[in-house]
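**Student:** Residue numbers (our numbering), protein chains in the order written: chain A, 226 to 547; chain B, 3 to 251; chain C, 353 to 639.
Keep in mind the hints are simulated off the structure, nothing from the lab. One or more of the hints may lead you astray.
[As the list claims (entries may be wrong)] Quick partial rundown of chain A residues pointing at chain B, CB under 7 angstroms, derived from the structure:
#1 258
#2 259
#3 358
#4 362
#5 422
#6 426
#7 431
#8 432
#9 436
#10 515
#11 541
Glycine included, C-beta positions come from ideal geometry on N, C-alpha and C.
Listed below, chain by chain, are the residues.
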Amino acid sequence: MIRVRAPFLPALLVVLAIVAALPLAVNNNSLREELFLMFMLITLASSINIIMGYTGYVSFGHIVFFGLGGYFAFYLMQNFNAHFLVAALAGAIPASAIALVIGVPILRLRGAYFALATIGINEAMRTAINNFEPFGGAVGMFFNFSVYDTYGGARNAALLAYGVMVVVALATVTTSYLIRRSKFGLSLMAIREDQDVAMVVGIDPARAKVVAYVISSFFPALAGATFFFKNGIIEPGVAFDLLRSIESLVMCVLGGTGTVAGPIVGAALYEWLRGFLITTPALANFQLFLAGLLLLVVVLFVTAGLVGWLRNRYPVLRAYIQ
Amino acid sequence: MILQVDAVTVRFGGLVACDAATFAVEEGEILGLIGPNGAGKTTLFNAINGVHRPRSGRIVFRREEITGLRPFQVARRGVARAYQVVRPLNDLSVIANVTVGACFGRENLSLRAARTVAEEVLASLGLADKAEVAAGKLNVAQKKRLELGRALAARPALLLADEVLAGLNPQEVSAMLAVFRSLRERGVTVIMIEHLMHAVMNVCDRVVVLDYGKKIAEGSPQVVSSDPKVVEAYLGDPKAAQRFLEEAT
Amino acid sequence: MSVDALVPSAIDGLMLGFVYGLAAMGLTLIFGVMRVINLSHGPVIALGMFVVYVLFTGAGVNPYLGLIAAAGLGILFGVAIYFVAVDRIINAPELTTLLATYSVNLMIVGVATSVFTTTPRAVDISLGSVGGSGVTILGTHAVAVAIAIAGAALLYAILFRTRIGKSIRAVANNRAAAELMGIDSRRVLALSFGIGTSLAMTSGALLSTLFSFTPLSGATYEVKSFVIVVLGGLGNPTGALVGGIVLGLLEGVSTVFIPVSWVPVLEYVIFIAILLVRPTGLLGARA
């Protein structure tokens with residue numbers, strides 16, 4: 226919190242923007258694809274950091290908003306010929322509205338109960354949509370290629386998706402930073418540390434938690450809309466993939482919850498490791514084992530995550546790395 | 003009269019923790035709330051604070067009824083609380099802890115203004131050099147000062163101080179009492195739960211005594227300390243109380 | 353589906369419920385004793401399936417004997433998981449132990465899919481069937497129920513009739529006080545984790561005789577276990593057994609009235625509802 230001698234946010238945004246521009250500058254498609262995923266992971270990890278890192282509520286099933294944003298947007302594009310940008314926003318709003326509706330009751334739960342409830346919600350949503358014909362049921366929905374004509378072809382659509390994902394990631398990071406440095410963020414962290422004390426100093430925990438939850442649902446919804454727009458196909462198992470949900474949790478913990486840089490570092494590291502391991506199919510499963518091992522090592526020995534560890538070890542860095 | 007506690011009863015299932023407790027607190031005074039352990043003093047604080055809802059009775063603060071309001075609502079009306087068993091926000095820095103106190107109270111300050119207030123409070127309590135340390139890393143005496151600091155930073159009209167002197171050495175006690183006196187000068191009302199009798203005698207304007215949830219005495223420190231009922235409550239044996247008083251005079 | 357199908361379906365569900373309940377008892381025991389939500393529960397169930405499978409296909413061992421092996425291995429494996437992943441962080445906040453057990457989950461699934469791939473496996477045994485008047489009970493189902501009940505009874509015997517069981521209950525109640533009484537709580541925790549894992553693996557072993565499976569099959573049963581544990585009350589083994597029966601019955605009955613694909617939705621909705629309305633479960637949580 227408080228005094229930052231270096232302009233952390235602008236510096237961070239510039240670095241991210243440069244990284245984003247790289248594949249476009251050298252016209253490297255596969256790099257662009259990788260970075261598309263990485264910026265998506267940054268979005269997911271940073272969003273979950275708001276409700277988990279700052280507020281202390283572990284949302285295991287957070288991916289539900291990714292799926293909802295994806296489905297709503299896809300539906301609008303498919304059935305109403307909505308332009309992607311419009312559909313993405315118009316899809317994120319009901320997703321966040323749902324976050325508001327479920328947030329109020331489930332944020333009353335503590336710790337493990339809350340985590341379990343979020344799993345229940347994701348799974349309930351997944352299995353419900355599995356049966357929901359207007360959304361394609363178990364088969365899901367898919368574009369026919371002509372949909373991309375509006376954007377000047379599939380390639381342009383992919384570029385548009387990339388640009389939007391980068392912007393969403395930057396917006397998420399900025400929001401995370403602003404929250405962290407604000408009075409609202411301080412109230413969240415007080416709630417995380419001791420909710421009863423927070424109440425006694427004048428914070429309304431119920432309201433603060435719900436606001437945090439709703440904000441943290443908005444960006445994954447946009448990310449979902451973008452991801453599935455680019456893919457051209459959406460199905461329940463992929464949209465509400467619990468594994469992906471937990472992965473964003475892992476990335477957040479890896480890099481360090483409660484900081485702005487943590488989720489970014491965690492996402493980048495995780496994705497790098499995954500790319501490193503995915504070289505052969507045999508290794509792909511082994512990758513899962515290594516991911517687990519890495520997570521265990523971090524949880525047991527580097528509890529504050531990499532960024533957290535750095536900040537503790539070298540307190541002088543605290544002002545420079547938020 | 004800044005606070006009126008009117009026949010407040012708090013029950014936990016079958017246990018009556020506060021039994022029709024009634025007293026008033028004048029603005030700007032330091033009121034001592036004493037009594038043996040288990041007398042219901044902390045429960046009474048919890049009732050005033052909004053942590054427990056009284057089964058019956060009323061609590062009126064500054065002419066507004068606050069019975070049953072949620073803790074944050076009471077806090078926003080200018081009541082601050084320092085806990086007996088300290089509850090620092092462990093992973094936040096000391097200055098952040100105190101800023102939290104300053105931010106969300108009656109004045110609803112901005113982060114920057116709150117931080118300025120926090121710095122002043124830390125300086126007045128001798129914790130300024132520990133400002134960036136994580137609160138969890140302080141020793142107990144420092145945590146107690148932090149606890150008080152967080153309450154003071156809210157610049158409350160009424161401070162509920164629950165055994166803030168426990169575990170402090172004589173110098174620290176004197177320093178804390180000086181803080182309380184300066185609060186009185188600024189017009190802040192304090193109710194302090196204390197076991198340290200010389201502190202109570204020294205700094206309190208009036209004293210209320212509880213035993214088994216009931217008020218058994220009220221008055222100036224001198225009057226109350228020589229009240230046989232009070233002595234008996236602490237010592238348990240009326241004859242011993244009698245002997246003690248005879249020896250004292 | 354007609355109402356005629358109701359009774360057989362209900363009976364079938366009820367029987368499966370015992371098997372689910374057995375697994376859930378393992379999960380709830382671990383939570384009750386050390387307040388850890390064991391996210392490696394699912395893959396361990398799958399491991400139980402594979403132990404039986406490997407012994408059966410590799411050495412012709414009778415699945416029910418393989419089950420004993422699974423149970424025994426379960427204890428050892430659980431103790432190992434405890435010391436590797438949980439012991440160091442036993443006092444840490446819930447998220448830490450959640451992630452630690454989840455990491456074990458990933459590791460088990462990673463290795464298992466590497467070794468066994470995702471080809472469905474099955475343990476082909478047939479024990480005929482029993483029945484009449486429209487109700488047929490498969491032999492394998494009947495045996496599964498019997499063993500599940502035996503397993504639950506064994507757990508109760510251990511918990512309530514042995515010294516070690518008493519220490520487990522003491523540690524579950526108040527670890528610090530138990531230590532003061534001279535109980536080595538670390539050993540008790542490790543053993544409890546072992547028993548919990550053993551129950552899960554045994555349940556998996558039983559399930560292997562009933563359905564085909566892959567290393568990923570544990571996930572479905574893990575979620576069922578969560579639902580059951582919440583239904584019955586976190587930390588309450590009786591609740592887990594009852595919850596299992598209730599869930600099994602619910603599954604059996606509801607498939608008659610609603611399409612099969614809606615049954616999971618119903619289960620999850622109930623799950624969330626219980627968490628919100630009565631988080632201590634139908635029978636009351638232990639903690």
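**Student:** Check each numbered hint from earlier against the structure, then list the numbers of those it violates in ascending order.
**Tutor:** Per hint list: 1, 2, 3, 4, 7, 8, 9, 10 and 11 violated.
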